[in-house]
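Visitor: Now for the letters of each chain:
Protein chains: 2
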Amino acid sequence: MKENKKKAVDTTVPASLAHLKMDRRKMLKGVAALGLVLVQEPLDAVTQKAESIHPLAVDPSKVLGVPPGTLGTRSVFEKPAKLPSFTSARTPLQDLYGTITPADLHFERDHAGVPRIDPTKHELFFHGLVEKPMAFTLQDLKRFPSFTRTCFIECSGNFRTGKTTLTPQEICGLTSQSEWTGVMLSTLFREIGVKNKATWFVAEGGDAALMTRSIPVEKAFDDAMVVYAQNGEAIRPEQGYPMRLLLPGWEGNTQIKWLRRIELTDQPYMTREETSKYTENVAEGKIRQFSFVMDARSIITFPSYPSQLAKGWIEIRGIAWSGRGKIQNVEVSVDEGKSWQDAMLQEPVLSKAHTTFRYLWHWNGKPTLIMSRAIDETGYRQPSYRELVAARESRGGYHFNPITVWEVKGNGEVFLVNDR
Amino acid sequence: MKENKKKAVDTTVPASLAHLKMDRRKMLKGVAALGLVLVQEPLDAVTQKAESIHPLAVDPSKVLGVPPGTLGTRSVFEKPAKLPSFTSARTPLQDLYGTITPADLHFERDHAGVPRIDPTKHELFFHGLVEKPMAFTLQDLKRFPSFTRTCFIECSGNFRTGKTTLTPQEICGLTSQSEWTGVMLSTLFREIGVKNKATWFVAEGGDAALMTRSIPVEKAFDDAMVVYAQNGEAIRPEQGYPMRLLLPGWEGNTQIKWLRRIELTDQPYMTREETSKYTENVAEGKIRQFSFVMDARSIITFPSYPSQLAKGWIEIRGIAWSGRGKIQNVEVSVDEGKSWQDAMLQEPVLSKAHTTFRYLWHWNGKPTLIMSRAIDETGYRQPSYRELVAARESRGGYHFNPITVWEVKGNGEVFLVNDR
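Protein sequence lines correspond, in order, to chains A and B. Residue numbers 997 to 1416, in this note's numbering, belong to the letters of the first sequence in order. Residue numbers 997 to 1416, in this note's numbering, belong to the letters of the second sequence in order.
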C-alpha cells in the first residue's frame, strides 16, 4: 500500500503556508472590510466579491467564507444523484459511505407518483376485526410511546443484468437504509383491540395507486412499526410522508407508504400486488406467493464498473444485508471463486441492516474476477446467479439476489460479469 | 394514555373510502390522461393541473403524484431550520427524532465563515517531527483503509441561560450527531513515521481564521480520525469539506474543519484558541486549560418551552451523551428533584454518542418541575446548575453542562427554570 500512498515532498513549509502571519493580518483586515456587507449573500456572490477585492482569492484561506445559515448545503463539487425512471429512482450505492442513506438519495418506487399530503388532513384508520375502530392523526401517533431502529428497505425487484457496463446503482440501487422513528404497530393493535380471529391485516396507501397489501398479523406483534421520522427528521414524501408502514427485512412493496388504512381480516385480500405482481417462479413451474422476507445479499461497490484500478493495495468495499437478521460473515474471492476469505465487518452489525465490509487486496496487475457472498445469522448463504437460475427456472424476477461478479482487466478496467 | 388516544368513529367505512373501486377506475383513467404530460412538472404544477381536471383533487389519492427524480425533497409542510447568528447556527433539537442529525441541520460554529474548497486543489500536509513529511489529497485519503463510526460533536461553549423562554435549540443546540467515515489518524501517523519525541500535534484549518489547535499525540493513537464523509455522503462544507479532524468526545473546536496541515511537535503551540479562548474558571480563581473531554449531559427535548401539555399520559423524551464513553443511565425527576426514576435508553447505546431516552409520565395537572440527569460508564453524574456555579466560581463559560429544569404550569405551559 505504501508505494501507492507516498508522495515525497521537501520538508520546507510549502509556499501557500510560508507567510501565515502576514497573510493572517491581511485576511483579518479583509474580514473586517467584507464582514457586514457579505452576511446575507450566497457563496458564489461572496467568492466573486472577495476575488474582486482580494488578490489571493484563489486560496480559500485568504477570503471570508459564507456565514452560518438556517440550512446547510452540499459542496458545489459534489453532485450525488438518484437514477430515475418513470416509476423508480435508484440510490447511487457506489458513491455512498457508511450505512446511512441520505434521505434525498433514498431509493424510490412509486406506482402513481408521490402525493402531496397535508398532515393535518391525513388520518390512519383502523377497522375490520377490531374491538374499537379508530382513526389517528400524525399528532395522535406522536403521543404514543416511540421507538427508533435502523434498517434497510429493499424493493423485491432489485436486480438488473444483461450488460457488462452496469454500475452498483443500476444493478441493485433499489435498497437504502435509514434510522426510522415511530410507533410499534403492536402498540396500536393493543389500543384498538385486535380480535383473536384476525390472522391478516390489509394496509392501504393514500397515493393514487391506493397501493394495498395483505400482511400476516404475526409480523405486527414481531417488529412492524408505523414510522413518521427518517434520519432524524420528518419522513420524506418519497418515503411516505406523513407516515408509512415499516416491516423490517420484508420486501419494500409491503411497507405501504402514505399509510391511511389498516383493516384486520381473517384472510389475505389477494390484491393485484400479491397475485399478478410480486410473486416469482420456483422449480417445476410453480409460482411462489407472499414471499415477504428479503434474502441475504452483498455487492462490492468498489472496485466496480467504471472503476479504473492501478496495481498495488486496493481496499475492496461493499455492503451486505439480510432480511432474516444480522450478517454473520461476508466472504470475498479475488481469484475467480477458487478461494474465499473473510472480509472485515464494520461494527455495530445491526439486525436487518446494511453492513459495510472491507477486504484489503494487493492486486498484481493480472486479469481476474472478484466477488463477495453474504452469510446471515441463520446460516443462509447468498447463491450464485447460476444456482438461482436453476432453482427458479428463470433468469430473473423478484427476490433475485445473486453474487455480483466483477471482471478486473489487465489494464485496470472493471466490468460486470453476467450469467456466472 | 388511552383516554388521550381514543377517537371514537362509527364502524362503517368513512365516505372518503366508500367507493374505492369506482374511484380507482376513475383515477386510473386520470393517470393515463395526465401521465405523459405531467412527468417533468414540479409538484405544484402537477397538483394545480390535476385540480383543474379532477373534481376530487382535495383528496391526494385522486390525483397523479410527482414522478421520481434525481433528489428527494422535504415535505412543503415541514420546515426544520438551524438558528443562525453571525458565527454559529444551532441544531433544532426539539424538532428531531432518533440520534442522527440531518447533515443540513448539523450545528455550525465558524470563525471566518465557510470556505469554498476545490478538493482537487486541497492537500493535507504532515510535517514537523516525522520521518517522511507528506501531503495527501482527498483521493489519497480514500485509498487508505476506511473506518466508520457514529458520534456526537459538541461546541464547548454549548450553554445559554437567563430567560425562561429558551428552547432546547437555544439552550444547547451546539451539539449534533453524524455517522462519520474516513481514515484513522493512527494509520496516517504510521505512514509518515511519527518520531518518538513527538508528544503533541498541531492541526490547522484552511478557512480564513486558520483555526489552529494543539492535540496530545495519545489521542491520535486512540480514536482520532480524518473524516471525509458524513451520514453516507461527502462531508458538508459547514462541517469541513473536503476533510476534518474527528476527535470523538472532545470539544468541537479542536476537531479542525477544512483540515490542511498537521505538524508534529514536542509541545503545544499555545494558540489564541487554547489560551485566551476555550479555557474556563475553576475553584480558587484558577483557569483550566486543554480541557478537551466533553462531560456527560442530557436534556429533555419534550416537553420543553414552548410545549403546551394536556393532563394524562406524556412520553418525556430527550437525548443524553458523554465524551468519556457510553451513557450508562439517565434519571428523570417529575417531582422537582425529590425522587428520580430510570428512563428507558434506546438501543444501540454507542460510545461518545447521542443516546435517546424516554420516560412515560402521567401528569395529574398540578404544577411541577421536571428534569433529567445523565450518568456515563465512568460513573460521572451530570451536575446541577448550582453545583457547577459553586465548582467554577462562575455562572457559565466553557464546559458548562448543568441539568436543565423545566417548569410545568397548571395550565400546561412549559418554561425553562434558571439558577437551580
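Errors might be hidden in some of the hints.
One copy or two, either will do: identical chains are not told apart, so a pair holds if it fits within one copy or between any two.
Simulated crosslink set (SDA-like; lysine to any residue; CA at most 25 Å straight-line) [as the list claims (entries may be wrong)]:
1) Lys1138 <-> Gly1406
2) Lys1273 <-> Thr1157
3) Lys1193 <-> Gly1408
4) Lys1307 <-> Glu1074
5) Lys1322 <-> Phe1143
6) Lys1191 <-> Gln1304
7) Lys1322 <-> Leu1341
8) Lys1307 <-> Gly1333
9) Lys1128 <-> Thr1195
10) Lys1075 <-> Gly1065
11) Lys1128 <-> Arg1268
12) Lys1322 <-> Thr1144
13) Lys1322 <-> Glu1343
14) Lys1322 <-> Met1340
15) Lys1193 <-> Phe1073
16) Lys1159 <-> Ser1084
17) Lys1307 <-> Arg1391
18) Lys1138 <-> Leu1341
19) Lys1322 <-> Val1345
20) Lys1191 <-> Glu1409
21) Lys1322 <-> Ser1347
22) Lys1322 <-> Gln1342
23) Lys1075 <-> Glu1119
24) Lys1273 <-> Ser1329
25) Lys1159 <-> Arg1391
26) Lys1193 <-> Lys1362
27) Lys1273 <-> Val1410
28) Lys1191 <-> Asp1091
To be clear, the hints were calculated from the coordinates, so they are not data collected in a lab.
Visitor: Now tell me if each hint is right for this structure.
Guide: Results of checking the hints against the structure:
{"no.": "1", "hint": "Lys1138 <-> Gly1406", "result": "between (57 Å within a copy, 23 Å between copies)"}
{"no.": "2", "hint": "Lys1273 <-> Thr1157", "result": "within (20 Å within a copy, 59 Å between copies)"}
{"no.": "3", "hint": "Lys1193 <-> Gly1408", "result": "neither (61 Å within a copy, 42 Å between copies)"}
{"no.": "4", "hint": "Lys1307 <-> Glu1074", "result": "neither (27 Å within a copy, 49 Å between copies)"}
{"no.": "5", "hint": "Lys1322 <-> Phe1143", "result": "both (19 Å within a copy, 20 Å between copies)"}
{"no.": "6", "hint": "Lys1191 <-> Gln1304", "result": "neither (60 Å within a copy, 36 Å between copies)"}
{"no.": "7", "hint": "Lys1322 <-> Leu1341", "result": "both (11 Å within a copy, 21 Å between copies)"}
{"no.": "8", "hint": "Lys1307 <-> Gly1333", "result": "within (20 Å within a copy, 65 Å between copies)"}
{"no.": "9", "hint": "Lys1128 <-> Thr1195", "result": "within (17 Å within a copy, 69 Å between copies)"}
{"no.": "10", "hint": "Lys1075 <-> Gly1065", "result": "both (21 Å within a copy, 14 Å between copies)"}
{"no.": "11", "hint": "Lys1128 <-> Arg1268", "result": "neither (29 Å within a copy, 66 Å between copies)"}
{"no.": "12", "hint": "Lys1322 <-> Thr1144", "result": "both (17 Å within a copy, 18 Å between copies)"}
{"no.": "13", "hint": "Lys1322 <-> Glu1343", "result": "both (11 Å within a copy, 15 Å between copies)"}
{"no.": "14", "hint": "Lys1322 <-> Met1340", "result": "both (14 Å within a copy, 24 Å between copies)"}
{"no.": "15", "hint": "Lys1193 <-> Phe1073", "result": "neither (58 Å within a copy, 39 Å between copies)"}
{"no.": "16", "hint": "Lys1159 <-> Ser1084", "result": "within (20 Å within a copy, 50 Å between copies)"}
{"no.": "17", "hint": "Lys1307 <-> Arg1391", "result": "neither (35 Å within a copy, 60 Å between copies)"}
{"no.": "18", "hint": "Lys1138 <-> Leu1341", "result": "between (35 Å within a copy, 18 Å between copies)"}
{"no.": "19", "hint": "Lys1322 <-> Val1345", "result": "both (7 Å within a copy, 17 Å between copies)"}
{"no.": "20", "hint": "Lys1191 <-> Glu1409", "result": "neither (60 Å within a copy, 39 Å between copies)"}
{"no.": "21", "hint": "Lys1322 <-> Ser1347", "result": "both (4 Å within a copy, 21 Å between copies)"}
{"no.": "22", "hint": "Lys1322 <-> Gln1342", "result": "both (12 Å within a copy, 19 Å between copies)"}
{"no.": "23", "hint": "Lys1075 <-> Glu1119", "result": "between (37 Å within a copy, 21 Å between copies)"}
{"no.": "24", "hint": "Lys1273 <-> Ser1329", "result": "neither (35 Å within a copy, 53 Å between copies)"}
{"no.": "25", "hint": "Lys1159 <-> Arg1391", "result": "within (14 Å within a copy, 67 Å between copies)"}
{"no.": "26", "hint": "Lys1193 <-> Lys1362", "result": "neither (64 Å within a copy, 43 Å between copies)"}
{"no.": "27", "hint": "Lys1273 <-> Val1410", "result": "neither (34 Å within a copy, 52 Å between copies)"}
{"no.": "28", "hint": "Lys1191 <-> Asp1091", "result": "neither (48 Å within a copy, 36 Å between copies)"}
Comparing the model with each numbered hint stated earlier shows that hints 3, 4, 6, 11, 15, 17, 20, 24, 26, 27 and 28 do not hold.
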